[in-house]
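Can you build the whole structure from these sequences, using the hints too?
Quick note: the sequence shown, position 47, residue 27 per my numbering, numbers continuous.
Worth flagging that the hints you see were computed from the coordinates, not collected in a lab.
Please note that a few of the clues may not be correct.
Unchecked claim - Label-pair restraints from in silico Cβ distances:
1) 159 to 95: 10 to 20 Å
2) 69 to 197: 40 to 50 Å
3) 179 to 87: 18 to 28 Å
Bear in mind that the values here come from a model prediction, so they are computed numbers and not experimental data.
Note that beta-carbon positions come from the ideal geometry of N, C-alpha and C, so glycine has one too.
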Amino acid sequence: MFLWLLHGPMPAEAMPPHARLWLAALLATVLVAATLEGVVLTVRHRHGRGPGYDWRASAASLADLVARRSVDALGLSLATPVLLWAWAHRVHTWSMAGPGAWIALLLGEELCYYVYHRMAHRVRWFWATHAVHHSSPTLTLAAALRLGWTGKLTGSGLFFAPLLWLGFAPWAVFGMVAANLLYQFWLHAPWIPSLGPLEWVFNTPTHHAVHHACNPEYLDCNYGGVLIVFDRLFGSFVARRPDVVPRFGLTDPLVSHNPLIIAFREWERLLRDLRHPPAGRSRWAVLFGPPGPAPHR
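See the structure below:
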């Protein structure tokens, strides 16, 4: 989910000008890396040494990125007023001069991200946007770019407001979120092997491949960003099983490469169910309940 940092939870004025240059350089770097992955996997496939590469899916992911940045240019965000209020009414002001504050911020941001990511799977209002990220039928570095257009409008940045209220400076919070999401870019490369003992603490491509899988055995798990420890603590960790190969995409596969269909299929389904709620479910439950059962997942 790396490129979410380009329209992350902080207002634009919280980002110094030099940071924008760094983000632009990082964007160029990940685009080059995603393209190189596609070239290498295509060449290997032509020599019979691996699966092919879906360039149309990658193009759809890039189109999603361009459309999202165009929507972001409108400057609409549900979270910004709350984030500004949280900082103005902070209960403390942390000095970021020592390592202790940075460790506390790292753990706090990771917990906030874990809660956001879990809610993005378990609350349909947030899932309507997050489903876009899971819609690609293949897991590649390019799939990390596919995040949907409506994240700011749904208020996903609200989950990081407690960090500002606790007194961590906006620039520090934004920097930690950016670092977290940058780390996650490489997690979308399932060809990277298991990292052994590191997998007990850190989120890895092995864990993230399970997170992206639509097999019943793997649904709704492994929500961590940099760390996997909160999944282990809160019971949402699922290890990859040698007898179950991850199958990527949604449980009801999205076969289209049309960016409009990718962006709005789940929103169309949500609006349909709000107009005519399924038997036994209120509109409130439709909006804020879980997105399942299939075919909505």
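Structure-based check of each hint:
Between residue 159 and residue 95, the C-beta spacing of about 18 Å keeps the proposed range 10 to 20 Å intact. Take residue 69 and residue 197: their Cβ atoms lie about 45 Å apart, and the range 40 to 50 Å holds. Take residue 179 and residue 87: their Cβ atoms lie about 19 Å apart, and the range 18 to 28 Å holds.
In the structure shown, no violation is registered for any of the earlier numbered hints.
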